[in-house]
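*Asks:* Got chain A sorted already, so can you dock chain B onto it with the hints?
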Amino acid sequence: MRVLQLQVNGDTLETAAPVHWTLLEVLRYRLGLVGSKQGCDKGDCGACTVLLDGKPVLSCLTLAANAVGHEVTTIEGLAPKPETTSEPALDPIQRAFDDCGALQCGFCQPGMMLSARALLNTNAHPTRKEIQQALSGNLCRCTGYTQIVQAVETAVARVSGKTEPDCAWVAELARDRAQIDSAPNEASPSSTTPGPGAPS
Amino acid sequence: MKNFEMALPNSVDEAVGLLPKTLSDDRARLLAGGQDLLTEMKEYLVEPDLVVNLKSIPDLDGVVWASDGSLEIGALTTLASLEKDASIAAAFPALVQAAASIASPQIRSAATVGGNLNQRPRCWYYRSEDYPCLKKGGTECFSYYGKNRYNAILGGGPSYIVHPSDLAPALVALGAEVQLISPRGERVLTLEEFFVLPSEGDVLRETRLAADEVLTRIRVPAPAAGQRSIYLKFKERDAYDFALAAVALVLQTDGDKLASCRLVLGAVAPVPWRCTRTERKLAGRPLGEELVALAAQDALADAEPLSENGYKVPLTQGLIAEAFEALTI
Numbered sequence: 001m002r003v004l005q006l007q008v009n010g011d012t013l014e015t016a017a018p019v020h021w022t023l024l025e026v027l028r029y030r031l032g033l034v035g036s037k038q039g040c041d042k043g044d045c046g047a048c049t050v051l052l053d054g055k056p057v058l059s060c061l062t063l064a065a066n067a068v069g070h071e072v073t074t075i076e077g078l079a080p081k082p083e084t085t086s087e088p089a090l091d092p093i094q095r096a097f098d099d100c101g102a103l104q105c106g107f108c109q110p111g112m113m114l115s116a117r118a119l120l121n122t123n124a125h126p127t128r129k130e131i132q133q134a135l136s137g138n139l140c141r142c143t144g145y146t147q148i149v150q151a152v153e154t155a156v157a158r159v160s161g162k163t164e165p166d167c168a169w170v171a172e173l174a175r176d177r178a179q180i181d182s183a184p185n186e187a188s189p190s191s192t193t194p195g196p197g198a199p200s
Numbered sequence: 201m202k203n204f205e206m207a208l209p210n211s212v213d214e215a216v217g218l219l220p221k222t223l224s225d226d227r228a229r230l231l232a233g234g235q236d237l238l239t240e241m242k243e244y245l246v247e248p249d250l251v252v253n254l255k256s257i258p259d260l261d262g263v264v265w266a267s268d269g270s271l272e273i274g275a276l277t278t279l280a281s282l283e284k285d286a287s288i289a290a291a292f293p294a295l296v297q298a299a300a301s302i303a304s305p306q307i308r309s310a311a312t313v314g315g316n317l318n319q320r321p322r323c324w325y326y327r328s329e330d331y332p333c334l335k336k337g338g339t340e341c342f343s344y345y346g347k348n349r350y351n352a353i354l355g356g357g358p359s360y361i362v363h364p365s366d367l368a369p370a371l372v373a374l375g376a377e378v379q380l381i382s383p384r385g386e387r388v389l390t391l392e393e394f395f396v397l398p399s400e401g402d403v404l405r406e407t408r409l410a411a412d413e414v415l416t417r418i419r420v421p422a423p424a425a426g427q428r429s430i431y432l433k434f435k436e437r438d439a440y441d442f443a444l445a446a447v448a449l450v451l452q453t454d455g456d457k458l459a460s461c462r463l464v465l466g467a468v469a470p471v472p473w474r475c476t477r478t479e480r481k482l483a484g485r486p487l488g489e490e491l492v493a494l495a496a497q498d499a500l501a502d503a504e505p506l507s508e509n510g511y512k513v514p515l516t517q518g519l520i521a522e523a524f525e526a527l528t529i
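Protein sequence lines correspond, in order, to chains A and B.
So for the first sequence, our numbering puts the first residue at 1; every next one is plus one.
So for the second sequence, our numbering puts the first residue at 201; every next one is plus one.
So here's chain A without its partners, still in its complex pose:
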């Protein structure tokens, strides 16, 4: 066992873990931060992606000892801390993933969003190709990636105050959602207009 002092999401946390434990294992099984997913656990899938000093790394291929002295950001720390407890704060990437339906099962999503955050930290206006390259180490088995790339483009557009790219359908989605929200409780969601991506 070794005592580890880690900087995680702005907090200093102390724990003890076997020397051979990875950062992922310490996050999940010592610190209770289970947002980082244990997918393949050997560097193929990207579901365990966290930021180390703002750079994306695979926490399954990082020994916890090598995270000491670095600032670790997990999905639990992606959203800015709310100034008041009542206000749920979200990173623009999180909001865009939600709005664009950029997930199905959600398992890849923490890693996807952290890879996207790492990209936007160094490149505020990435091209679609740059987004695809930045996310190339994150596998998704549900979405086919299209909505994920659109979500990142949407986050970029919103932050820079530009017209949202290819996002007529995002507006449509928002309209549908407003309809659902304002409809009486017994209304079935299937009675609303199908969203984009629905079979026509």
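No wet-lab data here; the hints were simulated from the structure.
Hints are supplied without guarantee of correctness; some may be wrong.
As the list claims (entries may be wrong) - To spell it out: a stretch of chain B is covered by chain A in this simulated footprint if at least three of its residues, at any positions, have a beta carbon under 8 Å from a beta carbon of chain A; those stretches are:
{"no.": "1", "region": "223-236"}
{"no.": "2", "region": "444-454"}
{"no.": "3", "region": "472-479"}
Said to hold, decoys possible - DEER-style ranges, computed between Cβ atoms:
{"no.": "4", "chain 1": "B", "residue 1": "ARG387", "chain 2": "A", "residue 2": "ASP98", "range": "52 to 60 Å"}
{"no.": "5", "chain 1": "A", "residue 1": "GLN7", "chain 2": "B", "residue 2": "ALA422", "range": "48 to 56 Å"}
{"no.": "6", "chain 1": "B", "residue 1": "TYR511", "chain 2": "A", "residue 2": "ASP44", "range": "22 to 30 Å"}
{"no.": "7", "chain 1": "B", "residue 1": "GLU386", "chain 2": "A", "residue 2": "SER160", "range": "48 to 56 Å"}
{"no.": "8", "chain 1": "B", "residue 1": "ALA422", "chain 2": "A", "residue 2": "ASN121", "range": "31 to 39 Å"}
Bear in mind that the values here come from a model prediction, so they are computed numbers and not experimental data.
Backbone N, C-alpha and C define an ideal beta-carbon position, used for all residues, glycine too.
*Replies:* Below, chain B alone, put in the same frame as chain A:
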């Protein structure tokens, strides 16, 4: 993976003092970025009792330009920092192209240059616990009669692995040297000499690194006047993959002639495969389609494909042609 003790040495001398004296002594492993070692440990291909963590040693990370225009790369420099370095991209395009082609952003953030050169083979027989292959001390290279579409077409036997590094062909083409430190002192090898064919040395290893030695620095000589370079890599998927074939080419022209070139192939042989004979044949010839065709034909003239990897011959020839065309036409 098996638990281990971790040493955090403060200097290279302290690190090499912790290493075993003979290659047969398998108790210790060097850790840098861990992107290869941890996968090997998780598959129980290596089970060290001691991991010597090089990350605690200062001054092995980062690049330094010497006054003569040569570049010194610390072994712990990450691939991501190479990839983003505009001055390296200007002087040695092939090196940055090779770095950017590797794996994924996450792996490039952590993986180091030293680790990339010392990574172990990706052959699936080697990586599978179930096969006691030649590379793991067994008696047979299963790829020879087995599933060998990713294996060697040049320089194979008795093992038919291909060296998986992308940096290695680029750095060999650029004439790089490596600094190795052991308790006996320092030695410098060309990177070309550093790699060793299975038929020429210990089949369990890919390099001449001694048991108690650490690769500490890579030196890339200053580019010659008018030097151009390129690294082309063909992958089965566009992202996050090893090469099926790769070509590193460095050349200089003299008017409408090729003055000289260094042509090194990746992912086709157990070492970065330098085409010395082809380089000599091409020097002094007029630029143009004939030269490109000769380069592609001669570089693969000795290829001996296995049952499933004959496609690598025309694939590599195509990459060679593309590389010459990109730099000279």
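*Asks:* Hint by hint, say whether it matches the structure.
*Replies:* Tested hints:
no., hint, in the structure
1, 223-236, "holds (count 3)"
2, 444-454, "violated (count 0)"
3, 472-479, "violated (count 0)"
4, B:ARG387 <-> A:ASP98: 52 to 60 Å, "58 Å, holds"
5, A:GLN7 <-> B:ALA422: 48 to 56 Å, "41 Å, violated"
6, B:TYR511 <-> A:ASP44: 22 to 30 Å, "25 Å, holds"
7, B:GLU386 <-> A:SER160: 48 to 56 Å, "52 Å, holds"
8, B:ALA422 <-> A:ASN121: 31 to 39 Å, "34 Å, holds"
The structure shown violates the earlier hints numbered 2, 3, 5.
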